[in-house]
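**Q** In case you want the letters, here they are:
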Amino acid sequence: MGIQSVRLYAEVAKRSFRRWSTYRAATIAGIFTNSIFGFIRASVLVAVVQARPGAGGLSVRGFVTFSVLTQAMMAYVGIFGDGDEISERVKTGDIVCDLYRPADFQLWWLSADVGRGAFQLLGRGVPILVVGALVYGLQAPASIGAIVLFAVSLSLALLIGFGVRFLMHLSAFWLFDTRGTKQLVDTVTMFASGALVPLSLFPTALGDAMRLLPFAGMVQTPADVFLGSVTGAEAVAQVALQLAWAAVLFGLGRLVMTSATRRVVIQGG
Amino acid sequence: MRVYRILAGARVRSDMQYRTSFALFTLSQFTITGLDFVAILIVFGKVPALAGWSLGEVAFLYGLGNFAFGMADLWVGSIEKVEQHIRVGTFDRLLLRPASPLVQVVADQFSLRRLGKVAEGALVFAIGCATAGIEWDAGRVLMTGLSVATGAAIFGAIWVFTSCVSFWWVEAREAQNAFTYGGGYLAQYPIGIYGSWLRRLLAYLVPIAFVNYFPAIYVLDRNDRLGMPAWIPFASPVVAAVATLAAAVMWRVAVRHYRSTGS
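Line order of the protein sequences matches chains A and B. Quick note: the first sequence uses our numbering, first residue 1, plus one each step. Quick note: the second sequence uses our numbering, first residue 1001, plus one each step.
There's no promise every hint is true.
[Stated by the list, open to error] Within a straight-line C-alpha distance of at most 27 Å, the following computed DSS-like cross-link-like pairs (lysine-lysine) qualify: (1) Lys-91(A) - Lys-14(A); (2) Lys-1081(B) - Lys-91(A); (3) Lys-1046(B) - Lys-182(A); (4) Lys-182(A) - Lys-91(A).
[As the list claims (entries may be wrong)] Residues on chain A that point at chain B, a partial pick, calculated with CB under 7 Å: (5) Gly-180; (6) Leu-196; (7) Gly-251.
The hints are simulated quantities; they were obtained by calculation from the structure and are not laboratory data. A virtual CB, placed ideally from N, CA and C, is assigned to each residue, including glycine.
Looking at chain A on its own, in the form it has when it is part of the complex (with noise of 0.2 Å):
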């Protein structure tokens, strides 16, 4: 790839904040939405902790640190959504314009992506954990390797989500209408991402599988990054299983949107 392209492509990424920066009262809204479910699912879990001391291998301090940084980086990895526009293209027809750019179908649509994600972290989420910190105060990170742990698997979450996403919007070539499949991958994420409950909770062989899949690398494997659940190697390991599941969506991706593309059909216009 060549400097022009990586030119082009932070162009689009930077483009993309701008314009996911424009929605103010829709970020505030959302501040303010993350944040409620952010204090209920914290109280959920301190009733938990306080029953049974120990429970999931946090403190009370921790678990609620928990609920607010997961409720943080919930729009930011895009579950439920991102606003769909792939799909709408693919639905209205426009996705022959992206098809016939002299740019990457993919890496343009990872870039816009990584805009958006971008400002959903600076602009969402860092308001998030600032409002958490001033009504419960948090836990801090344990180290700095576990920041600077943190910021990688940060970043992988967001290629891991962008990766599902990517998926479940070419699914729009065959199916036309998404929403089935979206509202599957929404809950499955939700589930399986330990945002609804942490995986640690669950009981022990559910919660091991569930750190296999590429889910657990959306919310769970960085949050256990940074509270310091995982340290060491075994935090290693992890980052490396989620750099492995951001490989692998991307190649499938790649491989998908090659026989979806095969399938376009202009019908004029």
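Assemble the complex: chain A is given as a structure, and chain B must be docked to it using the hints.
**A** Frame of chain A, contents of chain B only:
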């Protein structure tokens, strides 16, 4: 009411044109809502009781709350779509027709697949009624039945009231979710686990606690009134009436405030 029936009926007939899609959607609504109960089961895999409530008691509380929520969602949940009408400008059209714009909005997007949610709530409600160790008598049966109706009315009122935010601040629709879906979520657990300000905001001011918590402590013969007087379980019908009135007044003010996008 007649307008509602005609519009909703048309919607149902159009849904029935795609039977497979309808069945799948309904089933997935059932499953998605059911995951919240799976979450409760997971929690109870770790603890024998939550804030002193057993699994059966929480199932009763959850079932009552979700059943009422599902009913409200089925009948008036489409009110969220008023934001789209305002944004696109089609709300003008609703105002011109000789029928209540409120009825038009909620009936136009009527969707029978929401029965999936109602069914999930009803199922857990039945499980809760059977396993919570309730000593049924006439009073408790009456209270339980009445609570479904008052609970649905309270949730419906919250839906209509909060949808009005779109008339002033069209982009901020998501804030409504904190009260509707957030309220539904809050109602799944005993109110006692929430901190005092969260309880005051979402359980008393937004009167979620009157949907299922206070009726449930009467039916389950529990004593955790959280410092409230002894008559509090019987206050739900009054709260439902006040909430409905407040929603009606709010809606009227909002519609009067409406200014078309002009495009």
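**Q** For every hint, state whether the structure bears it out.
**A** Hints, verified against the model:
1. Restraint check for Lys-91(A) and Lys-14(A): satisfied, since their Cα atoms lie roughly 26 Å apart, inside the 27 Å limit.
2. Proposed proximity of Lys-1081(B) and Lys-91(A) is supported: the alpha carbons are some 21 Å apart, at most 27 Å.
3. Taken as a hint, the Lys-1046(B) and Lys-182(A) pair is broken in the structure, with Cα atoms around 31 Å apart against an allowance of 27 Å.
4. This hinted pair checks out: Lys-182(A) and Lys-91(A) have alpha carbons roughly 14 Å apart, not beyond 27 Å.
5. Against a cut-off of 7 Å between C-beta atoms, the interface hint on Gly-180(A) holds, since the closest Cβ of chain B lies about 6 Å away.
6. Because the beta carbon of Leu-196(A) sits about 5 Å from the nearest beta carbon in chain B, less than 7 Å, this interface hint is met.
7. For Gly-251(A), the interface hint is violated, since its Cβ never comes within 7 Å of a Cβ in chain B; the closest pair sits about 29 Å apart.
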